[in-house]
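Line order of the protein sequences matches chains A and B.
Heads up: the first sequence is residues 1 to 115, going by the numbering used here.
Heads up: the second sequence is residues 116 to 227, going by the numbering used here.
No lab work stands behind these hints, which were simulated from the structure alone.
As the structure is a prediction and not an experimental result, all values here were calculated from the model.
Glycine is no exception: its CB is placed at the ideal position from the N, C-alpha and C atoms.
Chain B is faced by these chain A residues, among others (derived, beta-carbon under 7 angstroms): (1) G42; (2) L43; (3) D102; (4) Q104; (5) P108.
Residue-level listing of the chains:
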Amino acid sequence: DVKVTQSSRYLVKRTGEKVFLECVQDMDHENMFWYRQDPGLGLRLIYFSYDVKMKEKGDIPEGYSVSREKKERFSLILESASTNQTSMYLCASSSRTGEITDTQYFGPGTRLTVL
Amino acid sequence: QKEVEQDPGPLSVPEGAIVSLNCTYSNSAFQYFMWYRQYSRKGPELLMYTYSSGNKEDGRFTAQVDKSSKYISLFIRDSQPSDSATYLCAMSKGTGGFKTIFGAGTRLFVKA
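In isolation and in its complexed conformation, chain A is listed as follows:
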């Protein structure tokens, strides 16, 4: 079974703090993704990575950065947290074989509250 783990389930931070969210997958997947999920807006892609040290902006990258130093680990960084970044953050990974089975597998999510 694919396992995607996220470092924290719940996190409370203060405005202006630097926040690190970590994600680890154990299936040797090439692709990794960070989304945020908000009521009524669904899943919105923040950043994704196709390989180690590679990153691509998603639909809402402003205020975020990422790091992928190892294949299994993908970190999301909030440089200076703001209240509008209060959200559920979901990490996902997928293979890249060109098959229909290259679907995304999600972690349990981190609910971040910025006060």
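Position chain B relative to chain A; hints supplied.
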């Protein structure tokens, strides 16, 4: 206009009912269609995936794609309280973990 539209619900049905969940989309390039189920306080999990038009059945679940109408459906037969969750449709243009677009999700409650 969003690329994928999904009624957020909530949808409340009695146990044993047939449930129909739907999404519409605007981009005719989408070829791969998926349904994810998300329980409260958990990440989405893949339920079913289909390619192009047609039906796919898996137990009590049937996924249907109508590319001519840009409309996809998920049917749940003999619904159970354990089916209570948010169901997200998702679609992409290609494989290889290609960028996937998600619907906002429909919240389903199945009452015992």
